[in-house]
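There are 4 protein chains.
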Amino acid sequence: MLQHEIKKRVSYGETDKMGYLYYGHYAHYYEIGRVEFLRNLGMTYKSLEDDYKVMLPVKSLNMRFVRAGQYDDLITVRTILSEYSATGIVFKTELYNEAGKIMNAGEVRLAFVDSETMRGCPPPQDLSDLIENRKKILG
Amino acid sequence: MLQHEIKKRVSYGETDKMGYLYYGHYAHYYEIGRVEFLRNLGMTYKSLEDDYKVMLPVKSLNMRFVRAGQYDDLITVRTILSEYSATGIVFKTELYNEAGKIMNAGEVRLAFVDSETMRGCPPPQDLSDLIENRKKILG
Amino acid sequence: MLQHEIKKRVSYGETDKMGYLYYGHYAHYYEIGRVEFLRNLGMTYKSLEDDYKVMLPVKSLNMRFVRAGQYDDLITVRTILSEYSATGIVFKTELYNEAGKIMNAGEVRLAFVDSETMRGCPPPQDLSDLIENRKKILG
Amino acid sequence: MLQHEIKKRVSYGETDKMGYLYYGHYAHYYEIGRVEFLRNLGMTYKSLEDDYKVMLPVKSLNMRFVRAGQYDDLITVRTILSEYSATGIVFKTELYNEAGKIMNAGEVRLAFVDSETMRGCPPPQDLSDLIENRKKILG
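Residue numbers (the working numbering), protein chains in the order written: chain A, 1 to 139; chain B, 1 to 139; chain C, 1 to 139; chain D, 1 to 139.
Check each hint, because a few of them may be wrong.
Identical copies go unnamed one by one, so any copy, or any two together, can satisfy a pair.
Result set (EDC-like, lysine to aspartate or glutamate): computed pairs, CA atoms no more than 16 Å apart in a straight line [what the hints assert, rightly or not]:
{"id": "1", "residue 1": "Lys7", "residue 2": "Glu36"}
{"id": "2", "residue 1": "Lys46", "residue 2": "Glu36"}
{"id": "3", "residue 1": "Lys46", "residue 2": "Asp73"}
{"id": "4", "residue 1": "Lys8", "residue 2": "Glu36"}
{"id": "5", "residue 1": "Lys8", "residue 2": "Glu94"}
{"id": "6", "residue 1": "Lys59", "residue 2": "Glu94"}
{"id": "7", "residue 1": "Lys59", "residue 2": "Glu107"}
{"id": "8", "residue 1": "Lys46", "residue 2": "Asp72"}
{"id": "9", "residue 1": "Lys92", "residue 2": "Glu5"}
{"id": "10", "residue 1": "Lys46", "residue 2": "Glu98"}
{"id": "11", "residue 1": "Lys92", "residue 2": "Glu107"}
{"id": "12", "residue 1": "Lys92", "residue 2": "Glu36"}
{"id": "13", "residue 1": "Lys101", "residue 2": "Asp73"}
{"id": "14", "residue 1": "Lys8", "residue 2": "Glu98"}
{"id": "15", "residue 1": "Lys46", "residue 2": "Asp114"}
Keep in mind that the hints were calculated from the coordinates and are not lab data.
Given the structure is predicted, the values throughout are model-derived calculations rather than measurements.
Take these sequences, add in the hints, and give me the full structure.
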C-alpha cells in the first residue's frame, strides 16, 4: 500500500473559538498530504497541471472527526493511495495528534480532467509508471 | 421538512488557481448555512454556546462535488434538518449556482456536548421545542 | 467622497481560540468590501478581469486593530475610494461592530495590471467614467 | 538583531484565481513565522497563553507586496524582532521566493494583554530574559 506521512502544526489562525482546529480546515490538511504524497512519488501536482495539462478536481470528500485538533499540536498527516483507475484517484487520509492518537480519517476522490478540454481523461502514463514502480519496490 | 436558504457570494479569496471555489471552503458554507438555519428557527448558535453551555462539534462530514463554484457567483445554500435525536443533529446541505444548478450536496453530523464537562449531553429543551413548533406550523 | 457599506457576519470558522475574529481574516473583509463598492458603482471586479483584461493586484496593506471582532457580530464594512490615478486605486476601509464602534481601519493600494502583458496599465475608461459620474451625482 | 527563518510551501488552497498566493493569507504566514521565532527562542506562544496567562493581540499590520507568490513555491519566512518594550513587541517579516527574491515585507505590532483581566500588562520576565540571553550569545 503506497503511503506517505508529513507533519503539519496547528496554527492559531486555524483554531476556532472552541479552541480547536476548525472542522473546515481539515480538507486543506488533506490537500497538503496528497500533494506531498505525489512529490514523494516523483511527480509534483504543479507539474501535472503545468506540463501534463491535467487537473484533479475533487469529486467527493468524506471524513469523520474522532478527537479535536489542539492548537500548536504537530499533526501527522498520513496519505494512502486507495484506488487508482482510468478515471481517478482515491486517497485515504488519517490525522494523528502528537500523542499518536487518531484525530480524523477520511477519503477524497479526484478525477483526471484535461485542462484544455475540461473533460475527463486518462491518467498521465508517467504517473501510472511511477505508481507501478513504487509498488514493485515495496513488493 | 425543516429547511432554510441563504445566499453567499464566492469571493476572490475563496477561489483557487483553477479559478473555482476551493474544495476546502465548502465546509465553511455549510457552517454559515446551519447557523442561519438555527437563527431562523429562533435560536442562535452563539446562544447555544453562551447561554445553554452546549457546543456542537462536528462528528462527520460528507460531500460530493457536482459542478465547480465560479468566482462572484451568488450561491444558494439550502440547509435541511435531516435528523434530530438525543445525541445530535444531522444537517443536509445543498449548494446551487446562480443558474439554479446543483453544485454540491452533503451532510454534517454534529453532537451535543456540555461545554463544562466536555461530555455528550441531551439537546436543550428550548431547541427541541422550537423544532417541534416549527414542524407543527409547517404541518 | 465615494463610499459604500456592506454587512458581514463573523462566522465560527473566522474566529480563533482567543474567541475573536482572527487578525488574518480582515484582509478578506476588505476584499469583499471593495468588490461590492465596485458592483455598486456599476462595474464588477469579475468584469474588469474577464472583459477588460485588467487585474488589480494589491501593492500594500495597512491596518490597525482597535476593538476585537466578536463571533456572530454583524460587522459593517465601509469602503471609501481614497485615491484614483493613472496607476492604481487606494481604498480606505473601516469596520464597525454591531454597537457602532470602530473595530478596525486600514488602507489597500492596488495597481492596474494588463492581464495579458502582466504590466502596469491605465485604468479602463469605463471605470473612470463611472467614478466621475458618481462624483457628479453626489456633488 | 534577533531573527529566525522558516520555510512554508504555497498550497493550492492558498492560491486565488490569479494563480498567486492570495493577499489575505500573508498575515497567516507572518503568524507562523513569529510563533516559530518564539519557539526557537525557547518559549512557545501556547505557553505564553496557557502558563503565563498572557495574550498578544495584534495592534497593527503593515505590508507591501513586491512579487507575487507562486503556487508550490517554498517560501522563506524571515521574522525579525524589531522592538520589545513594556507594552508590546514589533516583528518585521520578510518573505522570499525560491529564487531568493523578496516577495513581501511588513511589520506586525502586538500588545501584551493579561488574559484574565483583558488589560495591558508587562511582558513575562522569562520572555525578557530569553531575549536578553539570546542577544548576549549573538553579541
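Do the hints match the structure? See the list:
{"no.": "1", "hint": "Lys7 x Glu36", "verdict": "both (11 Å within a copy, 15 Å between copies)"}
{"no.": "2", "hint": "Lys46 x Glu36", "verdict": "within (11 Å within a copy, 28 Å between copies)"}
{"no.": "3", "hint": "Lys46 x Asp73", "verdict": "between (28 Å within a copy, 10 Å between copies)"}
{"no.": "4", "hint": "Lys8 x Glu36", "verdict": "both (12 Å within a copy, 13 Å between copies)"}
{"no.": "5", "hint": "Lys8 x Glu94", "verdict": "within (13 Å within a copy, 22 Å between copies)"}
{"no.": "6", "hint": "Lys59 x Glu94", "verdict": "between (19 Å within a copy, 15 Å between copies)"}
{"no.": "7", "hint": "Lys59 x Glu107", "verdict": "both (11 Å within a copy, 15 Å between copies)"}
{"no.": "8", "hint": "Lys46 x Asp72", "verdict": "between (29 Å within a copy, 7 Å between copies)"}
{"no.": "9", "hint": "Lys92 x Glu5", "verdict": "within (12 Å within a copy, 32 Å between copies)"}
{"no.": "10", "hint": "Lys46 x Glu98", "verdict": "between (30 Å within a copy, 15 Å between copies)"}
{"no.": "11", "hint": "Lys92 x Glu107", "verdict": "within (4 Å within a copy, 19 Å between copies)"}
{"no.": "12", "hint": "Lys92 x Glu36", "verdict": "within (14 Å within a copy, 30 Å between copies)"}
{"no.": "13", "hint": "Lys101 x Asp73", "verdict": "within (12 Å within a copy, 31 Å between copies)"}
{"no.": "14", "hint": "Lys8 x Glu98", "verdict": "within (11 Å within a copy, 20 Å between copies)"}
{"no.": "15", "hint": "Lys46 x Asp114", "verdict": "within (14 Å within a copy, 25 Å between copies)"}
In this structure, none of the earlier numbered hints is contradicted; all agree with it.
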